[in-house]
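The residues making up each chain are set out below.
There are 4 protein chains.
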Amino acid sequence: MNSFGTIFKVSIFGESHGVGVGVIIDGCPPGISLSKEDFIEDLRKRKSGTLGTTKRIEDDEPEFLSGIFKGKTTGAPITIFFKNKNIKSKDYDEFKNIPRPGHADFVAMKKYNNFNDYRGSGHFSGRLTLGLVAAGVIAKKIIKPICINAILIEVNGNKNIDEEIRRAIKLNDSVGGIVEVIGKNMMNGLGEPFFESVESKISSIIFSIPGIKGIEFGCGFNCTKMYGSQVNDAILNENGKTKTNNSGGINGGITNGNDLIFRVAVKPTSSISKIQETFNLKTKQMDNLQIKGRHDTCFALRVPVVLEAVTAIAITDFVLIKKGEE
Amino acid sequence: MNSFGTIFKVSIFGESHGVGVGVIIDGCPPGISLSKEDFIEDLRKRKSGTLGTTKRIEDDEPEFLSGIFKGKTTGAPITIFFKNKNIKSKDYDEFKNIPRPGHADFVAMKKYNNFNDYRGSGHFSGRLTLGLVAAGVIAKKIIKPICINAILIEVNGNKNIDEEIRRAIKLNDSVGGIVEVIGKNMMNGLGEPFFESVESKISSIIFSIPGIKGIEFGCGFNCTKMYGSQVNDAILNENGKTKTNNSGGINGGITNGNDLIFRVAVKPTSSISKIQETFNLKTKQMDNLQIKGRHDTCFALRVPVVLEAVTAIAITDFVLIKKGEE
Amino acid sequence: MNSFGTIFKVSIFGESHGVGVGVIIDGCPPGISLSKEDFIEDLRKRKSGTLGTTKRIEDDEPEFLSGIFKGKTTGAPITIFFKNKNIKSKDYDEFKNIPRPGHADFVAMKKYNNFNDYRGSGHFSGRLTLGLVAAGVIAKKIIKPICINAILIEVNGNKNIDEEIRRAIKLNDSVGGIVEVIGKNMMNGLGEPFFESVESKISSIIFSIPGIKGIEFGCGFNCTKMYGSQVNDAILNENGKTKTNNSGGINGGITNGNDLIFRVAVKPTSSISKIQETFNLKTKQMDNLQIKGRHDTCFALRVPVVLEAVTAIAITDFVLIKKGEE
Amino acid sequence: MNSFGTIFKVSIFGESHGVGVGVIIDGCPPGISLSKEDFIEDLRKRKSGTLGTTKRIEDDEPEFLSGIFKGKTTGAPITIFFKNKNIKSKDYDEFKNIPRPGHADFVAMKKYNNFNDYRGSGHFSGRLTLGLVAAGVIAKKIIKPICINAILIEVNGNKNIDEEIRRAIKLNDSVGGIVEVIGKNMMNGLGEPFFESVESKISSIIFSIPGIKGIEFGCGFNCTKMYGSQVNDAILNENGKTKTNNSGGINGGITNGNDLIFRVAVKPTSSISKIQETFNLKTKQMDNLQIKGRHDTCFALRVPVVLEAVTAIAITDFVLIKKGEE
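Taken in sequence, the protein lines are chains A, W, D and V.
Take any residue in the first sequence, note its place counting from 1, add 10, and you have its number in the working numbering.
Take any residue in the second sequence, note its place counting from 1, add 10, and you have its number in the working numbering.
Take any residue in the third sequence, note its place counting from 1, add 10, and you have its number in the working numbering.
Take any residue in the fourth sequence, note its place counting from 1, add 10, and you have its number in the working numbering.
So here's chain A without its partners, still in its complex pose (with noise of 0.2 Å):
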């Protein structure tokens, strides 16, 4: 299903070599302000151009179907829209028979009867990820002073970026990375036991992004290899702020005014210019696929700003949920 959220509703469509990609986002709050040069950043940041990134360059340039009246939303639903303009599709033609490893090529073949559009990974391309940025630039001037901040920190197990992707370019295969994100002035009591948790939320808008491959809040994985004593979060005042923060600012599913941090594992890109084997779906035989498209060898680096988005999106959720019960 394509939409999230409870009173805060986003869905997106589109595909990557059709028309264009949009998203629409329901129950938006009226008065908030914007106009174009509110997504610049924020789509600058998810856009190529730098080393390691796709030779595909998109001018991004937003479209405001509904929803906004003299440069402030109306409290009706907004679409957002961005055309494709620079598409070579006849590079993804071979695709229909040799399904690329690690790519959504077979599900979707399977999935879809076929119907799907192959084309640039049709719906299931990372393109689609610029309607989340674009709800997440809305989502983040409502939770304000709430911020979201997401940093690559490593990739290929190395916090020398740059050296990795020089590397990878060189051996003409690809890595990925680890982002961490954190909120501040968080509020507390966002969330909602059991199936509304924080975690439950955030991981579930977060594993939406393609190529997600884990999620750890706190100390996440490391929590395993520490005593009950080391984890728990010494209380220092009334305001709840703790002296450690191994639980990620969240406990029992709900904020607790703390900084929210989790950290998220980006795969490698799928699409390599290294020769790969694979099935052929027409000779009904192994085969090798060398992969000659536009990619990126770390798209790693352009998942931070999306990262950013889907949680203010979740948050914005849980901070309009939360008004309600009060």
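Treat the hints with care, as some may be off.
One copy or any two copies: either way a pair holds, since identical chains are not told apart in the list.
As the list claims (entries may be wrong) - Pairs of lysine to any residue, SDA-like flavour, derived with a Cα cap of 25 Å:
| no. | residue 1 | residue 2 |
| --- | --- | --- |
| 1 | K65 | I285 |
| 2 | K120 | H27 |
| 3 | K80 | K332 |
| 4 | K292 | G41 |
| 5 | K120 | E287 |
| 6 | K154 | E287 |
In case anyone wonders, no lab produced these hints; they're calculated from the structure.
Go by the hints and put chains W, D and V onto chain A.
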């Protein structure tokens, strides 16, 4: 919000030291045979009693309040209730003023304006997972031949689990661990891009279990230290069988028919008998806290069957949705 | 799907001749005082016992299974259960083969492949409305000073209700009627265009009550016989007070602050002791059916308090959503 | 909330005098052939141009923004957009201060703190139903052989529709009417007790169409003037065929396989050129208002195809859910 699922809907309710805990399962297909015996094995796996688990032992006998007639499900909502019997509520009285580090005491107080039932963590108690296990028993029947298995593979970073438990008991401390979940005989095509990806839905329900701090699918966080050529799983035949399974059986958020694999980080029990420092809300000063109630040294020992249950619940919902799509 | 609402979620379960019937209320704000006494008046209004109502009399005592602590709601899901006590199931055995005209017997059999609990209409029984009335008691407290009143204004087209009841009893037949529901002290701004209009949500929950055949808001079907100049309600002041109230307090799906007004058509009870013709599924021939169980001559007598309850439930959800929007 | 449905999800967006209006259909099965030609007939039925309809004529050409590839649905969300072309926004400027009686002007202003797009009723415009009609075209294809037909059976209480239209035009006034909707070739077993009864879901989406004031199923309000023995539909054979169809094809909220029948009350157009009295928010006094824009004398003429569309949408969702249950 305390319900999960689109077609197969599970809601849980109850408190640790109230009348009892329970579950409603809505959207269960009719005609599934169901007796109390069906629940014995999974409820036993969740039960305490062995080394490292709490001394509070409940008989955990399920009462069927609705939805079952002549030993079979009717298609109407199924309600299963577990009475609380072995309760010692005075163990918890002091936590009204001294919120336990690592616990939901503080956030529950804040979120619910001090109206929360604080006895035995109330609605936040791990005892609520009893309803999940009960729903899981039914879900496991529906998804056959798909079969979900969860195993605690290490505690405190050590594969010798017994050794770590004994050490923690000696230290009056607690330990966590990593559980691996494997789904066999999977079908392809489960899951929806983007917001109902398999990882989204599974992680969402996994994080509704108290004490989970991380989840990773397939090669998970390790994939950030591998090249794309190493992570990509070569497809070997028309059914999509892959040579390796670094994707954990999921591409583009959709099952590919290979085994579903993920690992979950379970934190050490927050309640420890070792003395801890925390804030006393009454005296407005830091205070020493020694928790005397009955607690697990390592509740990760009891979590695997809960993880099996929630995974089966999520997959059941996917399976029923997929039918609607065909 | 057996649950209703976005923030204030109500789910009902149970069977007429099973263990009992109940309700779960999720999303109820904490701190609302709640005792068994609060339920007495509304449950009594729904009860049978007076002329024209069934001889099956249940004590309808609510059991609180969760969500209430020290006489107040906690914020956790509230479960209220009503045990069935006065059951005569053999009254219903014959309907397995001879589905009663106007009843759910036939569709239940088909939909649930004969696995449905057919005793006393099972899950389709009007007894399930007990849970709605209980949830309504809580909802009415939340929405104060908004106040919902429902009155049976005519039976069998006659304002002399008693006269019609006596006549129907003499004829071994049943009668229906029209109930008018009025909401006083409404606020403006409740409701969402388009799919959660006030009329959408109210009609949706109204039609979940068995035996409702129609609903009309404001001047309703009569407006089709009036000119626009007669139907339009002139606005009289800044608060939106109108001269007439043909709109029933709703414009564009949103409350305008005037009284909410709608009328509901309640059909005659389907179970009558008069002999009826219908199909015998065993003999595969038409057959005579004389229903001998205990039934209402006019269940419209017992419906008003149920209508109040579901209206209050729908409005509570709107009120909590509106808070989130502000 | 601007989306409808559980599996087959429809969301609408846009404004009367903004860039355009549109619809997203999520959960549509793949492989359904779809061309612009498929939309011509239903869009034409909704169009103005005949006697009694507005002089604003739009070409209403659908643009496919996503979800269609090689003339077939792909399984991904389908976005259809209709550009606004024939706009005269200054017609509406005065309504900022003088809310039109019977219109959403006043509530929109209040609900959205004056940030609403008031031009041509903005998001509240009947123009939004264009998206519903488009979604209905697809829904009608999915539910075949089920076939939905809606007919305007009377206007101003008169079966001679033309006569009433001419009279109203002469009076500078407007008129409403009653539309009857019939579903043929229905299957049994659609609908869910209690909150997703067929009547619940259909009425819910029907009341999202602007200007609907009532709905009645089968014999509807008339059943309140009949005895149970008259209302009950005798079952005639194993398939559940009934002698009469007073239930409108629904028992216990579930379709019984007989024709689905319901009637809908459509109010007279609120915008009339006759002078009306209402409150001037600027002068804070009662004022005369003469509406000069282009409006339907009787929008009930254009509503039938919209009713067919939303009925088909609701039934499609039921059909897809039922598959999941089997």
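Violated hints - listed by number, lowest first: 6
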